Amino acid sequence: MNYFPDEVIEHVFDFVVSHRDRNSISLVCKSWHKIERLSRKEVFIGNCYAINPERLIGRFPCLKSLTLKGKPHFADFNLVPHEWGGFVLPWIEALARSRVGLEELRLKRMVVTDESLELLSRSFANFKSLVLVSCEGFTTDGLASIAANCRQLRELDLQENEIDDHRGQWLNCFPDSCTTLISLNFACLKGETNVAALERLVARSPNLKSLKLNRAVPLDALARLMSCAPQLVDLGVGSYENEPDPESFAKLMTAIEKCMSLRSLSGFLEVAPLCLPAFYPICQNLISLNLSYAAEIQGNHLIKLIQLCKRLQRLWILDSIGDKGLAVVAATCKELQELRVFPSDVHGEEDNNAAVTEVGLVAISAGCPKLHSILYFCKQMTNAALIAVAKNCPNFIRFRLCILEPHKPDHITSQSLDEGFGAIVQACKGLRRLSVSGLLTDQVFLYIGMYAEQLEMLSIAFAGDTDKGMLYVLNGCKKMRKLEIRDSPFGNAALLADVGRYETMRSLWMSSCEVTLGGCKRLAQNSPRLNVEIINENENNRMEQNEEDEREKVDKLYLYRTVVGTRKDAPPYVRIL
Amino acid sequence: MEKEGLGLEITELRLGLPGRDVAEKMIKKRAFTEMNMTSSGSNSDQCESGVVSSGGDAEKVNDSPAAKTQVVGWPPVCSYRKKNSCKEASTTKVGLGYVKVSMDGVPYLRKMDLGSSQGYDDLAFSLDKLFGFRGIGVALKDGDNCEYVTIYEDKDGDWMLAGDVPWGMFLESCKRLRIMKRSDATGFGLQPRGVDE
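Protein chains in written order, with UniProt numbering: chain F, 1 to 577; chain R, 1 to 197.
Excised from the complex, chain F in its bound form (with noise of 0.2 Å):
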């Protein structure tokens, strides 16, 4: 079969890099699977219960990057209880111990402790990158770790993480040998930093391209940060709340002037709006911009700053930003690809006229012919705009809509808004991504079913009548990977219609639907690759076993396919079948 000495193949496919395609050609011969499992750096875990660090480690043994997720999605919205799972230690051990050498760590929703940090800090002597995103278990006692003992650290990258700001000095810890930093995003931290120290060590990083600052970095502190560091490409800023005095601001704008590598700007946790300005003149160049935070700034100052953003790819915003402002990016960012606005009402107190509507969103889709992510919360839409969002936008590979309240239907029509979600499935051919909501029946779901050919994710809130609607999708999208379900009508018949199919997924999850006990008992019997897990907070609802009621709803069940049999490390509350 082989032509050539495996060198030579083992050099071709260094230019596979797609986890996909290296799955795929490792499945083409076993000469083929041994050349590939030897020569892979970069692998990715979805879930991590599908696979044991030793399997991992006696596959891959030269890995050099790892990426591991650990909770459902939904763990994002409070719906999975902590210490629900998804440790990183074992796995850091199980590296440290196999001598792997790793390079780079990159984790989601996974729990995170000071030990394990510390361990990784002192593992892995090519240590250069951590990446944790909305992971927790953490201090900054752990961060100090990785900056007195990474030596070749040039990634270090914080996103939404909740970490215990212990507010000691960890930025102080960066050894003064360290001039390797590449990245350094610390927005999440709460507590107070050490502005001396930040200073020193961006002044010795020259090849520093990103900086996320927290809110405790002051305006004039950025403007040095700034002056040292006019290379940088992506820049988030802390929190401005007074207005500047006319020095400071003077500064800033010296120093932002410079900074024409800037391309990505985020931050502004609350910015008086009169900062702003000194930004303007970076605005031709970006092409990301994140004021989602920015929940102070007005619709009109947010015009004015987008208006000069020609170049912009990436916008979010919150809904703050009203239809006008909307009509606004539509007019002027003609390369938008990703836009998401979010809620600025989280807690659905306010009457807020100013929000966006369908109007927006239709101003969206026919002015940015480039579009093809989205994520929009809106109050309201009707099935006319969704039509014509399609009809604009055929190319969206993920598309998101939240209208806020559970079974609003079209506001004009008041039908279900089947016709407006069956007109985007239908249009978009690459779509990979959906979350629908507002007024739904088990139609959309046939729609989603029949012309969703590439959907891999798909999210269902307060939505269906029947178990058809589950049904039509497990039926049809065959190349479904995560399935999540919470407050809608789906049941038994729905859950075992198909139970191998679920090992063709990574997961699905159901919460506040209409399974049983029963029903995830029975799924679970026939499924030993198959991890059911039922999750129940409710300590007093702990009855013993044979006082069960399988016809009792279940409230969470979340099941994955994995390799290895049952885990461990599961809480009293999780039940796995």
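Hints are not guaranteed to be accurate.
Here are the simulated DSS-like pairs of lysine-lysine, each with C-alpha atoms no more than 27 Å apart in a straight line [to be verified]: (1) F:Lys190 to F:Lys310; (2) R:Lys82 to F:Lys324; (3) F:Lys379 to R:Lys83; (4) F:Lys190 to R:Lys111; (5) R:Lys129 to F:Lys190; (6) R:Lys82 to F:Lys108; (7) R:Lys181 to F:Lys190; (8) F:Lys468 to F:Lys478; (9) F:Lys370 to F:Lys310; (10) F:Lys190 to R:Lys100; (11) F:Lys108 to R:Lys83; (12) R:Lys175 to F:Lys190; (13) F:Lys379 to R:Lys82; (14) F:Lys482 to R:Lys129; (15) R:Lys100 to R:Lys82; (16) R:Lys82 to F:Lys190.
Keep in mind that the hints were calculated from the coordinates and are not lab data. Keep in mind the model is a prediction, meaning the values are calculated, not measured.
Mind docking chain R on chain F? Use the hints.
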């Protein structure tokens, strides 16, 4: 009128004991559905199951404030983002997020914005600052070594020891705070922390 009353309860979706409350939920859900069905049924051929919203009624019910705040994990905004936009909400609106804080031995009460704290540690720090007394933070973390205990009144009117529940849950249920002398609390049978470990 009747429908509105029913609506408030119906939309009170909560995570209850499976088998018990879910049955209630089902009844409520069906009732909600029935409520939405128009008597005229002119639109019913549009939808398979005949569930149709009569725009007017549905709007009325769903606008009730109780409806919007009861559902766990909805809207699907990640908790990090919710916490970080919470602060803005509580500073622009008077009263929201602010709770009264009383301390034994201090003749006046204070008011503090819970939403501006990010966790129990932060709260401890803020309480210390508020009363100019270093011990409160210690009380929150390390109960048995301190002269004071921090308790709070929850939505049900019960007085609870601060620190037991996850921060988010605490934020949602805390109505007021009290820093109480430990000696006054002896009747409560408070276990020193670490006994169960």
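Right, here's what the structure says about each hint:
no.: 1; hint: F:Lys190 to F:Lys310; in the structure: violated (33 Å)
no.: 2; hint: R:Lys82 to F:Lys324; in the structure: holds (25 Å)
no.: 3; hint: F:Lys379 to R:Lys83; in the structure: holds (21 Å)
no.: 4; hint: F:Lys190 to R:Lys111; in the structure: holds (22 Å)
no.: 5; hint: R:Lys129 to F:Lys190; in the structure: holds (17 Å)
no.: 6; hint: R:Lys82 to F:Lys108; in the structure: holds (18 Å)
no.: 7; hint: R:Lys181 to F:Lys190; in the structure: violated (30 Å)
no.: 8; hint: F:Lys468 to F:Lys478; in the structure: holds (17 Å)
no.: 9; hint: F:Lys370 to F:Lys310; in the structure: holds (14 Å)
no.: 10; hint: F:Lys190 to R:Lys100; in the structure: holds (24 Å)
no.: 11; hint: F:Lys108 to R:Lys83; in the structure: holds (19 Å)
no.: 12; hint: R:Lys175 to F:Lys190; in the structure: holds (24 Å)
no.: 13; hint: F:Lys379 to R:Lys82; in the structure: holds (18 Å)
no.: 14; hint: F:Lys482 to R:Lys129; in the structure: violated (47 Å)
no.: 15; hint: R:Lys100 to R:Lys82; in the structure: holds (23 Å)
no.: 16; hint: R:Lys82 to F:Lys190; in the structure: holds (15 Å)
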